[in-house]
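Colleague: Sequence:
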Amino acid sequence: MKSSTSSQHNQPSLKEILSELQALRQEIRSASKRLLPIPEAAEYLGLAPRTVRNDLCRKVFPIKPVKYRRKLLFRRDDLDRYIDGMAGEVAK
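Position one of the sequence shown corresponds to residue 1 (the numbering used here), numbered consecutively onward.
These are calculated hints, taken from the structure and not from any lab test.
Misleading hints may appear alongside valid ones.
Claimed, not checked - No farther apart than 27 angstroms at their CA atoms in a straight line, the calculated lysine-lysine pairs in the DSS-like style are these:
hint, residue 1, residue 2
1, 33, 71
2, 33, 64
3, 33, 59
4, 59, 71
5, 33, 67
Unchecked claim - Here are the computed distance ranges between Cβ atoms for each label pair:
hint, residue 1, residue 2, range
6, 17, 50, 32 to 42 angstroms
7, 18, 87, 15 to 25 angstroms
8, 85, 39, 39 to 49 angstroms
9, 21, 44, 36 to 46 angstroms
The structure presented is a predicted model; accordingly, all values stated were derived computationally and were not measured.
Just so it is clear, CB atoms sit at the ideal spot from N, CA and C, and this is done for glycine as well.
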């Protein structure tokens with residue numbers, strides 16, 4: 001029979017569980033978002049927010065944003081299509 005102290009060492013602490021839960025909640029929230037602001041869209045694409053803003057100002061950014069309440073937002077579907085297109089170009 002195992003002692004209760006040895007089984008406690010294998011279990012995560014309450015703090016670790018709460019931290020993991022918060023991370024999962026954030027992941028679910030971001031995954032369910034259909035429109036992303038520039039910082040989140042940039043992170044999703046692996047770019048710096050400044051790069052996205054600069055390219056938008058120069059009108060060379062390949063994805064058209066949606067304007068909502070004075071904010072520029074990107075559709076997640078548009079970002080996914082762009083990524084898929086880039087993956088297709090790399091594979092050629």
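Colleague: All hints, please: hold or fail.
Modeller: Hints and how they fare:
{"no.": "1", "hint": "33 - 71", "in the structure": "holds (15 angstroms)"}
{"no.": "2", "hint": "33 - 64", "in the structure": "holds (17 angstroms)"}
{"no.": "3", "hint": "33 - 59", "in the structure": "holds (25 angstroms)"}
{"no.": "4", "hint": "59 - 71", "in the structure": "holds (17 angstroms)"}
{"no.": "5", "hint": "33 - 67", "in the structure": "holds (16 angstroms)"}
{"no.": "6", "hint": "17 - 50: 32 to 42 angstroms", "in the structure": "holds (37 angstroms)"}
{"no.": "7", "hint": "18 - 87: 15 to 25 angstroms", "in the structure": "violated (37 angstroms)"}
{"no.": "8", "hint": "85 - 39: 39 to 49 angstroms", "in the structure": "violated (23 angstroms)"}
{"no.": "9", "hint": "21 - 44: 36 to 46 angstroms", "in the structure": "violated (23 angstroms)"}
The structure does not agree with the numbered hints 7, 8, 9 stated previously, though it agrees with the rest.
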